[in-house]
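Asker: In case you want the letters, here they are:
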Amino acid sequence: MGISKSFPGVRALDDVHIDLRHGEVLALVGENGAGKSTLMKLLAGIYQPDAGTMELEGAPMSPAGPRQANELGISVIHQEFHLMPDLTVAQNIFIGREPRRASLIRDDELERRAGLLFERLGIPLDPRQPVSHLSVAGQQMVEIAKALSFDARVLIMDEPTAALTETEVATLFRIVRDFVSPRTGVIYVSHRMEEVKEISDRITVLRDGHYVDTMPTAETATRQVIAAMVGRQLEVGVRPDPAAPDPAEREVVLSVRGLTTRKLLKDVSFDLHRGEILGFAGLMGAGRTEVARAIIGADRSTGVVEVKGKRVAVRNPADAVRNGIGYLSEDRKRYGLLLDQDVVRNVMLSSLPGMTRAGFVRDLDGRRVARQMVDQLAIRTPSVTQTTKNLSGGNQQKVVLAKWLVRDCDVLIVDEPTRGIDVGAKDEIYGLLTSLAAQGKSIIVISSELPEVLRLADRIVVMCEGRITGTLANADATQHDIMELATRFGADHLITTGDAE
Amino acid sequence: MTTKTTATKRTPTRFGNRQQLQQILAFAGLVVIFGFFSFASPYFLDWANVKGILLATAVTGIMALGATFVIATGGIDLSVGTGMTLCSVMTGVFLANLGLPLVVGVLGGLAVGALIGLLNGLNVSYLRLPPFIATLAMMMVAQGLSLVISGTKPIYFSDVAGFDELAGGELIPGLPNAVLIFFAAAAIAGVVLSKTLTGRYALSIGSNEEATAISGVDVRRWKVVIYVVAGLFTGLAGVVMASRLNSAQPGLGLGYELEAIAAVVIGGTSLRGGKATILGTVIGALIMATLTNGLRIMSIPQEWQKVAVGIVIVLAVYADILRRGKEA
Amino acid sequence: MTTKTTATKRTPTRFGNRQQLQQILAFAGLVVIFGFFSFASPYFLDWANVKGILLATAVTGIMALGATFVIATGGIDLSVGTGMTLCSVMTGVFLANLGLPLVVGVLGGLAVGALIGLLNGLNVSYLRLPPFIATLAMMMVAQGLSLVISGTKPIYFSDVAGFDELAGGELIPGLPNAVLIFFAAAAIAGVVLSKTLTGRYALSIGSNEEATAISGVDVRRWKVVIYVVAGLFTGLAGVVMASRLNSAQPGLGLGYELEAIAAVVIGGTSLRGGKATILGTVIGALIMATLTNGLRIMSIPQEWQKVAVGIVIVLAVYADILRRGKEA
Amino acid sequence: ACGEGDGGGEPGGAGGEKPYVALVSKGFQHQFWQAVKQGADDAAAELDVEVTFEGPETETEVEKQLTMLQTALDKNPDAIGYAALDSEASIPMMTDAESRGIPVIAFDSGVESEVPVTTVSTDNLAASAEAAKHMAELVGSGKIAIIGHDQTSQTGQQRVEGFTQYIEENAPEIEIVDTQYAAGDQLKSADAAKAILQAHPDLKGIYGTNEGSAIGVVKAVQETGKSGKLTVIGFDSGKAQTDAIRDGLMAGAITQDPIKMGYETVKAAVAAINGEEVEPVIDSGFYWYDKTNIDDPEIAAVLYE
Ligand SMILES: Nc1ncnc2c1ncn2[C@@H]1O[C@H](COP(=O)(O)OP(=O)(O)OP(=O)(O)O)[C@@H](O)[C@H]1O
Ligand SMILES: Nc1ncnc2c1ncn2[C@@H]1O[C@H](COP(=O)(O)OP(=O)(O)OP(=O)(O)O)[C@@H](O)[C@H]1O
Ligand SMILES: [Mg+2]
Ligand SMILES: [Mg+2]
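Residue numbers (the working numbering), protein chains in the order written: chain A, 351 to 851; chain B, 8 to 335; chain C, 8 to 335; chain D, 1240 to 1544.
Any given hint could be a false lead.
Said to hold, decoys possible - Which chain C residues face chain B? A few, computed with CB under 8 Å, are given here:
#1 Leu129
#2 Asn130
#3 Leu134
#4 Ala141
#5 Gly151
#6 Ala168
#7 Gly176
#8 Ile273
#9 Leu278
#10 Lys282
#11 Val316
#12 Val321
For the record, the hints were derived by calculation from the structure and aren't laboratory data. Quick caveat: nothing in here was measured; it's all calculated off a predicted structure. Note that the Cβ used here is the ideal one computed from N, Cα and C, for glycine as well.
Can you make the complete structure from the sequences, with help from the hints?
Answerer: Put into structure tokens, the structure is as follows:
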């Protein structure tokens, strides 16, 4: 009898079973909305199953809450961050476990412990920094450190690498390998098949809330895993032949000159042509997101932005959109979604003024467009009036993307556009972006996944420490070249893996 | 493109229907309270008394409509009470002191409300003051100005022909205009909240201000618009109040803001923003007025009335939470 | 292991230091206001007058301390004003009517405060009522009960030897005990907020309630604890108020809640929760009292005082925002 | 109260030359208190002294008033006029005033202290008994009700108490069926009066204990269409009330003489500053007025718009 769990209108899990062996890393894969996170939340005691049982080392287990799960030795990195932005990094990690003397919290001890933990894990974070000052990647690192601060037997990681670049992923894998011992095990949820291949021993596949299969990693081809996930054979696309004539020879749509911010950016200049997809690569904190935010006026900057040869003053994102520049943020929870509103309202948000008649919003249009998007992007939701908070992570990401597709900007800046999106859908999105470019839109793709950048971009801008260190045409670019440019400033690696010494 | 759309077939009820159902059910608390008092006092259900309740709801109700918009953004408006007073006083200045035509005076009163909203909005948007502080300051300034402008004396409209008819007359026989104005204002507010950019952006800002801004909405400008809309309702409340009393009372108004906000919150609008319904606000305002009236009709001693109102509010809102919890 | 950490390199000051700096700078507004009035009126800087300001700060200040905890969680406490009254009245019942020993009566007053907090906390935590509603209801219930219990008449402590010394005496010559109690309470509140689980979890809940719960903190239980702590300060305010007036005035209290909350917010604590400082609250309370006093000393007409206070609050808070904006 | 001590007796005040009298009243935005202020200002002009006047928002704010009194003392006035919201709470400050050598004149209601040199006030118990007397005469028998303006202040209580006592003792065939309080807010008083009318359709009279309450009652009677069927008796004056009396909506009202109260207070203060004897009690008086005598010069002089 497997585990089942339903939400109003959705049967998220139906008779699902998994088993994790001592000393192994079990990968859990499936399309967006397949039920992976729901299953992990059952193990973490956040939800209670409708039916079915769980066992830990032979003993029945039914954690009533997160704390009880921790006490049983289950530690979870959730897909959505659960951080308190106003507290410091150290305070976040040890929330609920504060060391005290005479009932007064010893913050010095707290920071010391956090410092030790970071040193052990090789994470370069300041324990005293408020979490609100961290980038998404930094926040992800805090979550990882927090999960590893428990003395856990089972470590559950729900898409921990979605926001990380390859260097940090390497750090993470070293941490995972260190963790695995004959008395422990790891459940690893990811959409990145290369990572799954690299780290896991076995792979369990879910589809549509059902258990499909479990296969030994070494003996299974990625193609087979994907087929099990989507229930049919899927051709993983390759980059289509570059459009002719070369987009780089068409007219410049967006020109950025000498973009500089007080915090990080130094003299960033580049051109974006009509119909071009320009990739931005770099390590965590290289400043790619900052470039985007500066262009759309979300942060203060100096420098010149020209749209179609005309200099424009962009003081806020509204100005940017008015000038035809849209920006999809890497942080969907903070900058992307109206979590407590439905899919329709989220999809309409950027385009509302265009969906009015005599000053009144035409909700029927909005609903029609939303349905169209749900179909086009295969957003898994019981209806377009579902609250986005209740969607799975990947489907939320699709909703944000849909919002910008509806807006139809000439220049679209997408920052980690496929964060948390499954392989099948990813390819659909790649196809979509490519066809947008073919229609004459210009797109900037910021991504920490080099394959993604290489798959999409005509040219690739590489950044390091707030500066552009090189621009490569896709044909000439290799992962190696890019990494070299991304680490141009020598030993200043943000994260160095233990064996790098 | 993939064609997996298991999604749509899993929708048992259409959302539209459910929301309507919810709002109809929200009447439940009010109906129970009504039922109880009808049972407890033979006089309660008289049309005269019901009319009295409606009339007592009108002014605070109109203020609450405006406050709903601000609260939808996650803000709060403490200036509705004394702001309303300032609008009454200015209406008095326009009509009784300057002798301007009726229409001009009334529009003037509304304009003063809009101006109050404009200042609130600018302070919140461009000076980035917390709404609590901006509107608290406005509450004090409006109170002071009401007294200064009126010379701390009431301004009487006795010589302004027809002004008292504005609220006191009965275009629909049996129903005072004040009540009619309240319902009309509620209808307009409902449309504005759910069907115009102002309302939509108010809810979006309340739901996630940063995401709304990144989506290309000029949040600062729209916030100003939203506060101006709220101010217009404050102005309307001021005019109705002045007409009902046939005078502008400069000392009145303090404390009304809490009543108005309470009506909004009892109606199910969240102070965190993002969720707001006008029907809820109307019901919230009616619940407050009905409670006060019913307890008075039952001749409950004043001190016990407070206790009873407090307890009933807890019960009513808790019942509402239970009901919504079940549906979600 | 690498030691080059870009992240640390970008944090020039230690968080602790910066926060201290910020709080010291927060005095600036107060200092400017003080400077202005000293210049404007020869009587302002008299120790007698400064003492008067401190005394006027004490009761609202103590209430504001309690409110800071609730506001830190992202809640609001409207019951501090009339709750304080109920505590006064009950202290009166214990001491003047029942003739209990002084210590018992005072502890009894605090206990009533804790009980008010407990009920607020239970309503917010377990009935999931919005804090605005739960404490609004409590505000009414406490007001009603104060009147009922006292028979709407003040209770005098004339026969309770030494009770008026509690607030009015001067342990430190020249400094009324009420002020001493306020400062002591502020010191305790500061430690509780920054060094105990209660304070830490209050800030954590205010910062992200769901995440705090998922991190294994029993949010519901801690919320009750936080409201009880707030209630204790309400109780203390009630006792000090009673001692200062040497009587329990059942009609008092309404409106104090807004002043207390205003002090908290002027002090830089965010109504959204997660950010709170006790020093800020103390400064906020002092700013309010100093303004009122200074304008009176300057014999500004009362109606203009309101206007001036409103404008100065806007300026003070805006200056604070500018200052913080620069640092960030 | 004598002028010895440091600085207290010296000519202080903002101007430095004119004697300065600080008045701390029970309120300031009500018409009644504005009329007191006017009387005080008249006296100030006549006697060439400087006067300031302030009071809390409502008559429950005992602590606010004490803070005002404290500030007033700190301004080092030559005399203080004080209308105590609570007759006992200010005792320590009275002592303080005495030690600083600042004479205190109590007005409107007294203070439980030897310090005030005199008390200028209306006898609220007697005044409301007068209102009751007229109510009894006009109604004869049956049910009546009261809309009070404040449940806890001394004045608020006495205006109800004096009325109720008189009815109980002198008009046994009249029954007071309900007393509700509405903070002197016209709108809320109107709502309260309507609820009472609803519950007691055979009500024959309502008494409103201050200007706001009385106007609220008139409003309620108008809105329920019971004009003429009900005897309304008010307190204080103001244009709305005098209009209602002229129009026959209100049978009559008690007026105090607030202008005289303010005038006498300042006059007594000046006398005290100059070390003259003052009477220990100065009655500022009250009058019944109705349609018949509203335009008598004696009455017209004490009514305020
Ligand atoms: N709280 C909730 N209320 C309603 N539906 C929910 C809720 N949580 C999840 N669901 C639904 O359950 C299904 C499974 O969601 P889940 O988050 O487990 O997917 P997932 O496999 O983790 O997907 P992803 O790869 O996108 O993260 C989805 O259809 C989702 O919409
Ligand atoms: N909202 C923020 N507040 C403070 N600091 C921030 C914020 N967002 C980013 N940063 C910091 O600014 C630096 C630049 O980050 P940015 O996001 O531009 O880099 P990136 O190249 O996009 O890399 P990634 O997104 O992978 O971190 C980082 O060190 C980050 O910690
Ligand atoms: Mg998931
Ligand atoms: Mg980034």
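Asker: Determine for every hint whether it applies to the structure shown.
Answerer: Hint check results:
At a threshold of 8 Å, the smallest CB-CB gap from C:Leu129 to chain B is about 11 Å, leaving the interface hint violated. Given hint, C:Asn130 at the interface with chain B, holds; its Cβ is 6 Å from that chain's nearest Cβ, closer than 8 Å. Because the beta carbon of C:Leu134 sits about 5 Å from the nearest beta carbon in chain B, less than 8 Å, this interface hint is met. Evaluation of the C:Ala141 hint against chain B yields a held restraint, the C-beta minimum of about 7 Å falling below 8 Å.
Nearest Cβ of chain B to the Cβ of C:Gly151: about 3 Å, under the 8 Å cut. The hint holds. Here the hint on C:Ala168 is broken, as its CB sits about 31 Å from the closest CB of chain B, past 8 Å. Using the Cβ-Cβ criterion of 8 Å, the hint placing C:Gly176 at the interface with chain B is not satisfied: the shortest such distance is roughly 33 Å. Nearest Cβ of chain B to the Cβ of C:Ile273: about 7 Å, under the 8 Å cut. The hint holds.
With a least beta-carbon distance of about 6 Å to chain B, the hint placing C:Leu278 at the interface is held under the 8 Å criterion. Given hint, C:Lys282 at the interface with chain B, is violated; its Cβ is 11 Å from that chain's nearest Cβ, farther than 8 Å. Here the hint on C:Val316 is kept, as its CB sits about 5 Å from the closest CB of chain B, short of 8 Å. For C:Val321, the shortest C-beta to C-beta distance to chain B is roughly 5 Å, which falls under 8 Å, so the interface hint holds.
Comparing the model with each numbered hint stated earlier shows that hints 1, 6, 7 and 10 do not hold.
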